[in-house]
Every structure is written in structure tokens, then in C-alpha cells.
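S.K.: Chains as they are written, first to last, in numbering that gives the first Met the number 0: chain W, 0 to 210; chain Y, 0 to 210; chain X, 0 to 210.
Just so you know, the hints here were simulated from the structure itself, not pulled from any lab data.
Remember, predicted model here, so these are calculated numbers, not experimental data.
The reader is advised that the hints may include incorrect statements.
Listed next, the in silico SDA-like pairs over lysine to any residue satisfying Cα-Cα at most 20 Å (straight line) [claimed, not checked]:
| id | chain 1 | residue 1 | chain 2 | residue 2 |
| --- | --- | --- | --- | --- |
| 1 | W | Lys31 | Y | Gly169 |
| 2 | W | Lys31 | Y | Arg205 |
| 3 | W | Lys31 | Y | Gly89 |
| 4 | Y | Lys31 | Y | Val79 |
| 5 | Y | Lys31 | X | Phe98 |
| 6 | W | Lys31 | W | Trp68 |
| 7 | X | Lys31 | W | Gln200 |
| 8 | X | Lys31 | W | Gly144 |
| 9 | Y | Lys31 | Y | Trp91 |
| 10 | X | Lys31 | X | Arg151 |
| 11 | W | Lys31 | Y | Arg145 |
| 12 | W | Lys31 | Y | Leu154 |
| 13 | X | Lys31 | W | Val148 |
| 14 | X | Lys31 | W | Leu203 |
| 15 | W | Lys31 | Y | Val95 |
| 16 | Y | Lys31 | Y | Val141 |
| 17 | X | Lys31 | Y | Val141 |
| 18 | X | Lys31 | X | Trp68 |
| 19 | X | Lys31 | W | Val141 |
| 20 | Y | Lys31 | Y | Val95 |
| 21 | Y | Lys31 | X | Gly89 |
| 22 | W | Lys31 | X | Arg151 |
| 23 | X | Lys31 | W | Trp91 |
| 24 | Y | Lys31 | X | Val146 |
| 25 | Y | Lys31 | X | Leu203 |
| 26 | W | Lys31 | X | Leu154 |
| 27 | Y | Lys31 | Y | Asp67 |
| 28 | X | Lys31 | W | Val76 |
| 29 | Y | Lys31 | X | Pro202 |
| 30 | Y | Lys31 | X | Arg151 |
| 31 | X | Lys31 | Y | Val95 |
Partial selection, computed: residues in chain X whose CB lies under 7 Å from chain Y [stated by the list, open to error]:
| id | residue |
| --- | --- |
| 32 | Gly58 |
| 33 | Phe150 |
| 34 | Pro202 |
Every residue gets a Cβ at the ideal spot worked out from N, C-alpha and C, and that includes glycine.
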Amino acid sequence: MPSADPAPLLVVLDLVGIFVFAISGALVAVRKELDLFGVLVLAGATGLGGGFVRDVLIGAVPPAALADWRYLLVPAVAGVTAFFVHPTLGRWERQVNVFDAFGLALFCVVGALKASAYGLEVVPAALMGMLTGIGGGMLRDVLAGRVPVIFRGELYATPALAGAALAVGGVELGLPVVVVAPVAAAVCLVWRLLALWRGWQAPLPRGSASV
Amino acid sequence: MPSADPAPLLVVLDLVGIFVFAISGALVAVRKELDLFGVLVLAGATGLGGGFVRDVLIGAVPPAALADWRYLLVPAVAGVTAFFVHPTLGRWERQVNVFDAFGLALFCVVGALKASAYGLEVVPAALMGMLTGIGGGMLRDVLAGRVPVIFRGELYATPALAGAALAVGGVELGLPVVVVAPVAAAVCLVWRLLALWRGWQAPLPRGSASV
Amino acid sequence: MPSADPAPLLVVLDLVGIFVFAISGALVAVRKELDLFGVLVLAGATGLGGGFVRDVLIGAVPPAALADWRYLLVPAVAGVTAFFVHPTLGRWERQVNVFDAFGLALFCVVGALKASAYGLEVVPAALMGMLTGIGGGMLRDVLAGRVPVIFRGELYATPALAGAALAVGGVELGLPVVVVAPVAAAVCLVWRLLALWRGWQAPLPRGSASV
Chain W
0 MPSADPAPLL VVLDLVGIFV FAISGALVAV RKELDLFGVL VLAGATGLGG GFVRDVLIGA
60 VPPAALADWR YLLVPAVAGV TAFFVHPTLG RWERQVNVFD AFGLALFCVV GALKASAYGL
120 EVVPAALMGM LTGIGGGMLR DVLAGRVPVI FRGELYATPA LAGAALAVGG VELGLPVVVV
180 APVAAAVCLV WRLLALWRGW QAPLPRGSAS V
Chain Y
0 MPSADPAPLL VVLDLVGIFV FAISGALVAV RKELDLFGVL VLAGATGLGG GFVRDVLIGA
60 VPPAALADWR YLLVPAVAGV TAFFVHPTLG RWERQVNVFD AFGLALFCVV GALKASAYGL
120 EVVPAALMGM LTGIGGGMLR DVLAGRVPVI FRGELYATPA LAGAALAVGG VELGLPVVVV
180 APVAAAVCLV WRLLALWRGW QAPLPRGSAS V
Chain X
0 MPSADPAPLL VVLDLVGIFV FAISGALVAV RKELDLFGVL VLAGATGLGG GFVRDVLIGA
60 VPPAALADWR YLLVPAVAGV TAFFVHPTLG RWERQVNVFD AFGLALFCVV GALKASAYGL
120 EVVPAALMGM LTGIGGGMLR DVLAGRVPVI FRGELYATPA LAGAALAVGG VELGLPVVVV
180 APVAAAVCLV WRLLALWRGW QAPLPRGSAS V
């Protein structure tokens, strides 16, 4: 089993990503008029869900977040914050989306490298990286009773898959992880920010949908 | 790995809790006009789902319920019962809620102690205990196509978290489990029954929800 | 841990089953007007979801599909195919249902035997076999925002449970697996095809549903 002692910078980045994802989950809960508990659960599910699903699938249980109180405190703080100051956060939606893109870039790379460290090959590890990035949002939407927004045209998963694939592919080719990881995260981040800025959409099926 | 030989009384209580949860799942399925199979699945998911999710997260697989036929028989009996006598059960909704509170009190304490026995620290173990109590109902609601009712103001998860936290906290402080567990379960039970009786609600976000 | 070197014929059958299930998932996504990514995720979730849930519950992680690129390629091909030729596939719905019945028959038997090989007893192993057959479709429907269709009267899960129970029961009685498995799969298949042809329904609850 791989060492579980990541660099302090990585932990800080990870916690920032969880915080931003948790904010997005809490805002969905507030919009759905859920109570404080629902806000906290959606904050936690969005911030930690992707990593939990990945860890369960690759056999890394209990998930790291259950062994480190900071990973549980951060989504709780995000949930309580959103519960009380959601009108302000709502006005900052554009900025939240930008932070969310940072979270996505980080999660897809870290998730893919962790899956690779647990013995998965390149393609499944890249998929696990993508799942780390998008799984929390999917869980949030299922719990909130809506079809995941990332299935509805928003270009979100493709940058995550690209970043994850670059990260594990580069490491597989023998490139140093300190070079590969930032480049892969940057590709995901820039692609996602361009998609936000330009309104890029994922392709929709053509023709009659009444199959 | 901890011993899997709980006291007979605990097994009986556990089975009673599963039965009551399964009844609540089957009644939701009947209301949604699902077929017999849907009723059985929702009975099983509600009765066993919380424990399954906890066991998968803490690495206790296969879940204990899959190694003991009684844990599979009980939700099946509950499902078939509800399928045939649901009008009667509907009239007993108040009593079902009271039994459900017993199930919640039991599950949160047993779940928290099991997570603790698998090496989780106090806070994550308490969360796993709460998840054991509320996870089945959440799974029931997602499968039935509705937002989990426990996100909608009902005071349900907080008593579960309190009971779970008292149980693992007390054991951590060196108190004997035969004292801590009943006290923790009683706190959860009384709190939940008071919430039912007085109509206590969890707090809702203030102000415009149109963030 | 059991050997993971199944016969080539079984792998081919398995991939055919995954392909057909993935087509059904992709068609639901197209009907819901999801984008290409949503189509691919629903294809993958439907084709692989049942096996993933089974593997996580019996402790066979990472799931076999994550260690074999063919298991990831097949749902991707199915998703892309359905994305582009869905009007044609829609006209073939009857044939898709027949292939789906083959997939169900195969998955329930293979899933039950795998659970048995991981040490589960007859009843839980049969349930795991049924879950392998129906889990993908349930996950598809939850992600697509609808109550699982198999809860709504269609006779689908009962043939799967029968096939799974016959398979593990026969092996438990000492019968050779090369005899038991095809017979069990044939029972599931014929039952399911008859249900499709005759419009057999699972029983619905009687009386007022307004409990």
C-alpha cells in the first residue's frame, strides 16, 4: 500500500478544493430549501464524495478523509458558511465557478495518481481521476433530486479526463511527477476556464430523441 | 479485525431495528405504487442500506448481513407484510414512527461502535454511526425518486449524531460499553421522540433562496 | 482469493452482455437529451454498475473491469454508437430487449458464482447474482432521474433471482458448473423472454395506496 504522507502544499490544495466543492453543494441545498442538516450533507457529499467512491473502488478503505479530521471539518465549515451567507455567495457565483475549476483540476490529477499508486493501469486510473473530480457533483445532484448537471451540455468532465490521463500517462512514461502533475492540472484548469468563458458545450445527440 | 460474535440480545435488537426500517421502506414503495419486487428492494435497502454503506466505507466486507440469513429474511418478511397489510400499517403510522426511533437509536450506537472497532477515530466513527442510522432512509428516498425527507426539516439526523458521538466518546474515555451504549441510545431515542411529539424542526436557511 | 482467469467464451459472453446493457443505458440518456458525456456515463454505469456494486460488497476490489481495458472499451463503443445511430436503435427496441434478456441471464449466473467463489453462502450469493443483473439498470435510472423501471411491474428481477439461485444451489449440491450454469442461465432467459412476449407483470399492491 502506498505511503499516505503527502506534501503539506498538496494537503492545503486538497482542502481548498474540498472547500470549494462543498460550497457548491451547500448552495444547491439552499436553493432546494433543504434544512441545515441537508446543507451539511450536500456540502460533505460534494466535497468528499468523489474521493470516497474512488477509494472504495480501488480498495483504499477507510477513505483517507475518515482518518483526518481536517477533511471532515472543512466541508462542515463550508456548509455552515453557505447556510448563513448564501445570498452573498450567490452573487459570487462567477468566482465560485473559477475556484471550482481549480478544485476540479486538482482532484482529477491527485485522484488519477492515487489510483495509479494502487496498481491500476493508465486507462482505469485516468477514469478514476475523472471520477474523483466529478463524482462529488454527481452525488450532490442525485441527493438533491436532479439529473447531474454535468450530463446536460456543460463541458466539465472532458477537461477532468484530459488532466487525469495526462498525469498518469506522463508518470507511466517515466516523467517526474513534480513536472507532470502541475502541467496536467494546468491543462484541465485552462480548458475548463475557457469552456466557462466561451460557453463551450459538450455535443448533444442529433435528431429525434423519441427513440 | 474485531470479533463478530455479538450478544444475542444485541442481535435481536438489531433485527427489530431492521424490521422497522424495512417496514418504512416498504410503505414508501406502496405509496409510489411500485410492484412487489420494488417493495422488497425498498424494504431491503432501507433496513440494510445504512449498515452496508458503513461496512463498505470501513472495509468490513462482505457486510455482516450477507453472512447471516436472518438479516436477509427479516426485511423480506417486512416487505411481504407491508405489501399485503399496508392499509393497516398506514393507520399505525404513529406507532411505526416510534419503533423507527428505537431503530435509529440502536443503529447509530451500534454503527459508531463498529466503526470504532475497525480503527476509526472518534469524529469519523460518530459520523459512521449517524450514517448507519440515516443511510437506509436516504437510499430508500433516492431509489423512490424523492429528495431524502431527512433533508427537509425533520429533526432526525441530529439525535443520531448525538447518540453516536456519546457512544464512541464514552468508550474512548474508558467508560464501560455496557453503560455507555444504553445511555447514548437513550439520548438519541428521547431526543427523537420529543422531536416527533413537539414537532421540532431543523433550522432552514433564511432569506432569498434564489442564489 | 479465487482465480481470475475465466474461459475465453465466458469473457466474450460477458462483453456482449455489457455491450447490450450499455446500449440500453445510452438510449435512456439520449431520450433524456443528455450530452455525449452523459450518454457515455449512462452507458458505462448500466453496463458495469451491477458488477461494480457486487465487487465492492464482496470485497473484490478493484473490480475486474478496472483491470481489463476491454471492459472499459465496450461500453464506450456502445455509448458512441448509440449517440450517433439512436434513431435506428430505437426502431430495434424489440431486438434490444431480447439481447438484454441474454445479458441478464448471463450476468445473474456469473455474478452469483463469483459471489459464491468469494465465500458467500447460497442465499446471499443468489442475491448478489440478481444484483449483478439488475444493478446497472437501477443505477442508470437513478442517474437519469427516474424511479427504476424494474420497480414498476416489469417482470425482470424474478427471473434473475431464479437463475442466480439455481446456479449457486446446483454448485452447492455438487453438480458440475458446466452443466448448472447453462441450465440456470436458460431458465432466466426463457422466463424473461416469456415475460416480454406475454406481457407478464409483477404483482402490484392492492387497495388504497394512500397509507
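S.K.: Could you run down the list of hints and mark each one as holding or not?
M.R.: Here is how each hint holds up against the structure:
1. Lys31/W with Gly169/Y: violated (37 Å)
2. Lys31/W with Arg205/Y: holds (13 Å)
3. Lys31/W with Gly89/Y: Given that 20 Å is the threshold and the Cα spacing comes to 28 Å, the pair is violated.
4. Lys31/Y with Val79/Y: holds (16 Å)
5. Lys31/Y with Phe98/X: Given that 20 Å is the threshold and the Cα spacing comes to 30 Å, the pair is violated.
6. Lys31/W with Trp68/W: violated (28 Å)
7. Lys31/X with Gln200/W: Holds, because 17 Å separates the two Cα atoms, which is no more than 20 Å.
8. Lys31/X with Gly144/W: holds (15 Å)
9. Lys31/Y with Trp91/Y: holds (18 Å)
10. Lys31/X with Arg151/X: holds (19 Å)
11. Lys31/W with Arg145/Y: holds (12 Å)
12. Lys31/W with Leu154/Y: Within the cut-off at roughly 18 Å; holds.
13. Lys31/X with Val148/W: holds (12 Å)
14. Lys31/X with Leu203/W: holds (11 Å)
15. Lys31/W with Val95/Y: violated (28 Å)
16. Lys31/Y with Val141/Y: holds (13 Å)
17. Lys31/X with Val141/Y: Holds, at about 18 Å.
18. Lys31/X with Trp68/X: Violated, at about 28 Å.
19. Lys31/X with Val141/W: holds (15 Å)
20. Lys31/Y with Val95/Y: holds (18 Å)
21. Lys31/Y with Gly89/X: violated (28 Å)
22. Lys31/W with Arg151/X: violated (27 Å)
23. Lys31/X with Trp91/W: violated (31 Å)
24. Lys31/Y with Val146/X: The given pair, whose Cα atoms are some 9 Å apart, holds under the 20 Å limit.
25. Lys31/Y with Leu203/X: holds (11 Å)
26. Lys31/W with Leu154/X: violated (35 Å)
27. Lys31/Y with Asp67/Y: violated (30 Å)
28. Lys31/X with Val76/W: With a Cα-Cα distance of about 36 Å, the restraint between Lys31/X and Val76/W is violated, given a limit of 20 Å.
29. Lys31/Y with Pro202/X: holds (14 Å)
30. Lys31/Y with Arg151/X: Holds, at roughly 9 Å.
31. Lys31/X with Val95/Y: Given pair Lys31/X, Val95/Y is violated - Cα atoms ~38 Å apart, limit 20 Å.
32. Gly58: Hint holds; Gly58/X Cβ to chain Y Cβ min 4 Å, cut 7 Å.
33. Phe150: Result: holds, 3 Å to nearest chain Y Cβ.
34. Pro202: Because about 5 Å separates Pro202/X from the closest Cβ in chain Y, which is inside the 7 Å limit, the hint holds.
Checked against the numbered hints given earlier, this structure breaks hints 1, 3, 5, 6, 15, 18, 21, 22, 23, 26, 27, 28 and 31; the rest are met.
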